[in-house]
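Dock chain X against the given chain F, drawing on the hints supplied.
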Amino acid sequence: MSKKKLFDPNPSGFIEHDHNNDGIDRRGFLKCMAWAGTGALCVIQGGVLKSYALGSQMGSGMKSHKRGEFSFVQISDSHMGFNKPANPDVIATLKAAVDKINALPEQPEFLLHTGDISHLSKPEEFDNVDQILKATNKEILFVPGEHDVLNDEGAMFRERYAKNSKGQGWYSFDKNGVHFVGLVNVMNLKAGGLGTLGPEQLEWLEGDVKHLKHSTPIVVFAHIPLWTVYPQWGWGTDDSAQALSYLKKFGSVTVLNGHIHQTMQKVEGNVTFHTAFSTAFPQPAPGAAEGPGPMKVPAEQLRSVLGITDVNYVQRRHALALVDSSLG
Amino acid sequence: MMRRKLFFRSLAAALPFALAAVLIMHPTRARSEDAKSAPTEVRVDNFTFGPDTLTVPVNSTVTWTNKDDVPHVIASNDGVFKSKALDTDDKYSYTFSKAGTYSYYCSIHPKMVGKIVVQ
Numbered sequence: 005m006s007k008k009k010l011f012d013p014n015p016s017g018f019i020e021h022d023h024n025n026d027g028i029d030r031r032g033f034l035k036c037m038a039w040a041g042t043g044a045l046c047v048i049q050g051g052v053l054k055s056y057a058l059g060s061q062m063g064s065g066m067k068s069h070k071r072g073e074f075s076f077v078q079i080s081d082s083h084m085g086f087n088k089p090a091n092p093d094v095i096a097t098l099k100a101a102v103d104k105i106n107a108l109p110e111q112p113e114f115l116l117h118t119g120d121i122s123h124l125s126k127p128e129e130f131d132n133v134d135q136i137l138k139a140t141n142k143e144i145l146f147v148p149g150e151h152d153v154l155n156d157e158g159a160m161f162r163e164r165y166a167k168n169s170k171g172q173g174w175y176s177f178d179k180n181g182v183h184f185v186g187l188v189n190v191m192n193l194k195a196g197g198l199g200t201l202g203p204e205q206l207e208w209l210e211g212d213v214k215h216l217k218h219s220t221p222i223v224v225f226a227h228i229p230l231w232t233v234y235p236q237w238g239w240g241t242d243d244s245a246q247a248l249s250y251l252k253k254f255g256s257v258t259v260l261n262g263h264i265h266q267t268m269q270k271v272e273g274n275v276t277f278h279t280a281f282s283t284a285f286p287q288p289a290p291g292a293a294e295g296p297g298p299m300k301v302p303a304e305q306l307r308s309v310l311g312i313t314d315v316n317y318v319q320r321r322h323a324l325a326l327v328d329s330s331l332g
Numbered sequence: 151m152m153r154r155k156l157f158f159r160s161l162a163a164a165l166p167f168a169l170a171a172v173l174i175m176h177p178t179r180a181r182s183e184d185a186k187s188a189p190t191e192v193r194v195d196n197f198t199f200g201p202d203t204l205t206v207p208v209n210s211t212v213t214w215t216n217k218d219d220v221p222h223v224i225a226s227n228d229g230v231f232k233s234k235a236l237d238t239d240d241k242y243s244y245t246f247s248k249a250g251t252y253s254y255y256c257s258i259h260p261k262m263v264g265k266i267v268v269q
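Protein sequence lines, in the order shown, are assigned to chains F and X. Once you know that position 183 of the first sequence is 187 in our numbering, the rest is easy, because the numbers rise by one and skip nothing. Once you know that position 73 of the second sequence is 223 in our numbering, the rest is easy, because the numbers rise by one and skip nothing.
One chain only, chain F, in its complex shape:
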């Protein structure tokens, strides 16, 4: 048993309080949370998304999902094809993430991959990831990272992963009463700017959520954070405020992102923002280095800074409980 506490998933201190005062029994939650994994398991229990570290439920006496509950796992930034000192073997670490997922006693219904599947948008890189993730035997939903759309404006990404999507690859779907929205904020980036959703996608989003009940739990996932983590390094999205304004009416909104290769969480009213570990290499904390590039850590520490993310919803609760778990 180790590791990080619920709502203290964030060594850099961005989240210090549960602003929702929703009375979730975090102590009991924590008991289930011991984490040994590399990703997040998201359990939807009728309304509020909670996050468990992968591996946390093993042998801990957690109950099976109740009817109407389900879980999913977020993985991110597998950067297949990367081979530099920060991680010369991204295949092995992605496989370790898969092992974590497959070892979960409560199997997630599907996986979300929040982008940078590949390092250089090469077909063989996508092939490798597909082959490795196939071992989970799960449906996987993807949004692109900037590394997945390098030379073709995302055509290959959409052909492989988002055939029925709108525009440049955005889409939504419903699972067990939860409305999931996959957004694309890595295309048509403007000089000097951050991530961009663009007017066409914003208009689509407004229409997509307009007719949903306010009580519908919303999960938004996109590659670049939809909150401003550190603009100096481009860690934010220029027009995310517009997108979030369409989600204000909802009681529970969970925003899952990748891109920054470290876990971070922020709660703002009814919205919980969360970024996931990479399965490939870590990046420095905001401002902790001269630039945001891959961070080399001693080989024996690498798996402690890679991971997957775990989320869990409980009906009529409004806070997202997230625990991020490292690979080792």
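Derived from the structure by calculation, the hints contain no laboratory data. Among the hints, erroneous ones may be present.
Unchecked claim - Below are the BS3-like pairs computed for lysine-lysine, each with C-alpha atoms no more than 27 Å apart in a straight line:
id : chain 1 : residue 1 : chain 2 : residue 2
1  : F       : 88        : X       : 217
2  : F       : 126       : X       : 232
3  : F       : 126       : X       : 217
4  : X       : 234       : F       : 126
5  : F       : 194       : X       : 265
6  : X       : 261       : F       : 88
7  : F       : 88        : X       : 241
8  : F       : 126       : F       : 142
9  : F       : 194       : F       : 126
10 : F       : 142       : F       : 99
11 : X       : 261       : F       : 194
12 : F       : 179       : F       : 253
13 : F       : 300       : F       : 126
14 : X       : 234       : F       : 88
15 : X       : 248       : X       : 232
16 : F       : 167       : X       : 234
17 : X       : 217       : F       : 253
18 : X       : 248       : F       : 88
19 : X       : 248       : F       : 194
20 : F       : 270       : F       : 214
21 : F       : 138       : F       : 126
22 : X       : 261       : F       : 300
23 : X       : 217       : F       : 300
24 : X       : 261       : F       : 126
25 : F       : 270       : X       : 261
26 : F       : 88        : F       : 300
27 : F       : 170       : X       : 234
28 : F       : 252       : F       : 270
29 : X       : 241       : F       : 300
30 : F       : 194       : X       : 241
31 : F       : 194       : X       : 232
32 : X       : 217       : F       : 194
33 : F       : 88        : F       : 126
34 : F       : 126       : X       : 248
Just chain X now, with coordinates in the frame of chain F:
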């Protein structure tokens, strides 16, 4: 006295030729020297362009080299030039045949911006 006048007169006569020679020679010489000695390399390192502003003569070929562990894409703000994704140690060159200021950025890390001033 006469001799001195003559000296000055011949000097005055020679001066325009000397000046013309300097004027003719100098720009050519200066230009070829500049082209040789002025840097036309931009190093892409640690998510920055070095130098971030580079001044070059017309017809210079500027070469960007990616020294980062992640790819970058060199793209001018107004679409004049754009590289493919440059992996580590990949290079991209563009020849500037017209004077002007060319602002550019990394199209996947748009906080990275630079300028080529062509004169």
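Going down the list of hints, with the structure as the test:
1. F:88 to X:217: holds (12 Å)
2. F:126 to X:232: Holds, at about 19 Å.
3. F:126 to X:217: holds (20 Å)
4. X:234 to F:126: The given pair, whose Cα atoms are some 13 Å apart, holds under the 27 Å limit.
5. F:194 to X:265: Satisfied, since the Cα-Cα distance of roughly 15 Å is no more than 27 Å.
6. X:261 to F:88: Holds, because 23 Å separates the two Cα atoms, which is no more than 27 Å.
7. F:88 to X:241: Cα-Cα ~18 Å, so holds.
8. F:126 to F:142: Status holds; Cα separation ~23 Å.
9. F:194 to F:126: holds (24 Å)
10. F:142 to F:99: holds (14 Å)
11. X:261 to F:194: holds (9 Å)
12. F:179 to F:253: Roughly 20 Å separates the two Cα atoms, so the pair holds.
13. F:300 to F:126: holds (24 Å)
14. X:234 to F:88: holds (20 Å)
15. X:248 to X:232: holds (17 Å)
16. F:167 to X:234: holds (25 Å)
17. X:217 to F:253: Roughly 46 Å between the alpha carbons, so the hint for residue 217 (chain X) and residue 253 (chain F) is violated.
18. X:248 to F:88: Given that 27 Å is the threshold and the Cα spacing comes to 39 Å, the pair is violated.
19. X:248 to F:194: holds (24 Å)
20. F:270 to F:214: Distance ~25 Å between residue 270 (chain F) and residue 214 (chain F) Cα, so the pair holds.
21. F:138 to F:126: holds (19 Å)
22. X:261 to F:300: holds (23 Å)
23. X:217 to F:300: Since the Cα atoms of residue 217 (chain X) and residue 300 (chain F) sit roughly 16 Å apart, the hinted pair holds (cutoff 27 Å).
24. X:261 to F:126: holds (25 Å)
25. F:270 to X:261: The given pair, whose Cα atoms are some 23 Å apart, holds under the 27 Å limit.
26. F:88 to F:300: holds (9 Å)
27. F:170 to X:234: holds (26 Å)
28. F:252 to F:270: holds (16 Å)
29. X:241 to F:300: Given that 27 Å is the threshold and the Cα spacing comes to 24 Å, the pair holds.
30. F:194 to X:241: With a Cα-Cα distance of about 23 Å, the restraint between residue 194 (chain F) and residue 241 (chain X) holds, given a limit of 27 Å.
31. F:194 to X:232: Given that 27 Å is the threshold and the Cα spacing comes to 14 Å, the pair holds.
32. X:217 to F:194: Distance of about 23 Å is within 27 Å: holds.
33. F:88 to F:126: holds (17 Å)
34. F:126 to X:248: Given pair residue 126 (chain F), residue 248 (chain X) is violated - Cα atoms ~35 Å apart, limit 27 Å.
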